[in-house]
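Peer 1: Chains V and U supply the protein sequences, listed in that same order.
Numbering-wise, the numbering used here puts 243 at position 243 of the first sequence, and it's gapless, one number per residue.
Numbering-wise, the numbering used here puts 1083 at position 83 of the second sequence, and it's gapless, one number per residue.
Simulated from the structure, these hints should not be mistaken for laboratory data.
Heads up, a few of these hints could be off.
With the C-beta cut set under 7 Å, the calculated list includes, among others, these residues of chain U facing chain V [said to hold, decoys possible]:
1. GLY1075
2. VAL1102
3. ALA1103
4. ILE1130
5. VAL1160
6. GLU1165
7. ASN1167
8. LEU1189
9. PRO1192
10. SER1199
11. ASP1209
12. PRO1211
13. ASN1212
No residue lacks a Cβ here, since even glycine has one placed at the ideal position from N, Cα and C.
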Amino acid sequence: MDIKTFTPPSLTKEKLRFTQVFETLISLTIKAAGYSAIVFVLMIFYFLLSEGTAAIGEIPPQVLFSTRWYPVEGYFGIWPLIGGSLLVTVGATLFAVPIGISTAIFISEIAPRWLREIFKPIIEILAGLPSVVLGFIGIIALAPNLRVLLDLPTGLTALTGSILLGAIAIPTIVSVAEDALDGVPRSYRDAALAIGATRWQTIWRVTLPAARSGVLTGIMLGIGRAIGETMTVMMVTGNAPVIVRGLSSLFLPTRTMTATIAAEMGEVAKGSVHYHMLFLIGVVLFIISLIVNITASALVFRSNKRSDRILS
Amino acid sequence: MNILRNLMTCICAGILLIACSAQTPNSNSPDSVETNAHIEVKGSDTMVNLALAWTESFRESHPDITISITGGGSGTGIAALLNDTVDIANASRRIKNEEIDVAQNLGIDPFEMIIARDAVAVIVNPNNPINSLTLEQISDIFQGKYSNWQELGGEDRPIVRVSRESNSGTHVYFLESVLRLNDPQNRSLFDPNTLLLPSSEGIIAEVRDNPNAIGYDGLGYVTPEVKVLGIGANLEGPFIWPSAETVNQGTYPIARDLYAYTNGEPQGAIKTFLDWILSSPGQNIVQELGFITVSP
């Protein structure tokens, strides 16, 4: 038999060269885009540091680590602000994680297919709700009712902020966690059911652990959104720079770092001590979200290794 | 070669862009023609509604001058004037010495005009039985020396203090004139529990909904849904409620001037606008909106 080598008719020499150049160009562009993300982060961090570190020299440490924030008169105590941000975020996590994961489990494992087709888009629409709208709802509806319900002096408290931030974080958690649960192979569930596990045991002992890395990523992304959120907390937490003393402070007004930057950036003269201080707060905020992200990737990495060991 | 040429084009375009943007706030220069002039106004939230009403009425007689108004707070307006991004900065407090120092460093020469006056009303929830307080009591309340309305003869309720953010001219005025009772030696501060709300509307909403709250705001913003307190020099009275008459007679103690700052003495369209504000049509609007006219 006559064997004929196959050469695609289109690949003439010129075309081949053109394709090669095109390929190199594309891969260069993609490489540049990838590296530019790193460059941007480094540039932003450099800018924050160069503007913010000036504050460390200008403000004596005993003022910086005091408990009073009133920059108009030179009180630059940062503790109430760090405490406020952490308090509101912890509150939002306590609120969003159980609800978010239960919703994801319901959508992925329990709800019939047609209900799931309705739920998933609704949750995704919720994720796109502008935070200022949520803040407005908080001021008008949530804050007055919370005050009456819990008999608080005022409804503008850290708790109000936490609930609304939870509402912002929930769609992210649900969306990512549901995708992860959905990605667990059907055979895992079948195997568990076959050896006599109940439906609940299957979900709690098999499906959820298998999807752990995705669920954790969802939680961390949700927390990340909550820490950085500004408009909602500025509208509903009352912005009083009170020192935080444990979770009971949830029922008091509080002032977060993001709200402080947003409220005060417009009035400061460029290059003043107050201006540098606001950038220093930005640095602290940046470092905190960096810690959250690193923790997230470390957790995901570890659980990957473990589940790989067990399941492979 | 090609790359070099492209780079040059980019740089040239960049320089042109920068040159254009640096040219923008030039309606201030003396040679600007009055026709088709544009005036940029920014500053005090207390004065935003007033400035809008002025602009609307002014446009009828001067259709060739366009004016845009932005709020944000007195501090924001003055900061914008120092950065040379606005023509007029509205402020409900006087410019601070530190701000004048910064201005001189930046080559800006702030020129001050008083264009209206305003009373600051102390407000509580309509269900609060208290009708009047002394200036000293109000000062002590906001410093946190009282924590329950009972101590002032009211109901057994906690006191919730509501204030504007510190970039507000009203906040600074209240701190100096009420909290510190106009004493420059007095370094008292707001109680740290004081709620700092970003807008006048936020203050009215919280005081309207919360029977524990006490707040303050410009008289022009006060709605019938909140109760305005009478203010007396001592417990025997007489207690004075804020109004145009009591402010002009000088009996209501917390009234302040509202300022407009320009870079250098106003000229051209800016002068036309500010002169019109001080004339009788402009001052009639001041009265209509619940502010107090500047005595000629």
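Peer 1: Taking the numbered hints from earlier one at a time, note which ones the structure violates and give those numbers from smallest to largest.
Peer 2: Structure breaks hints 3, 4, 10 and 12.
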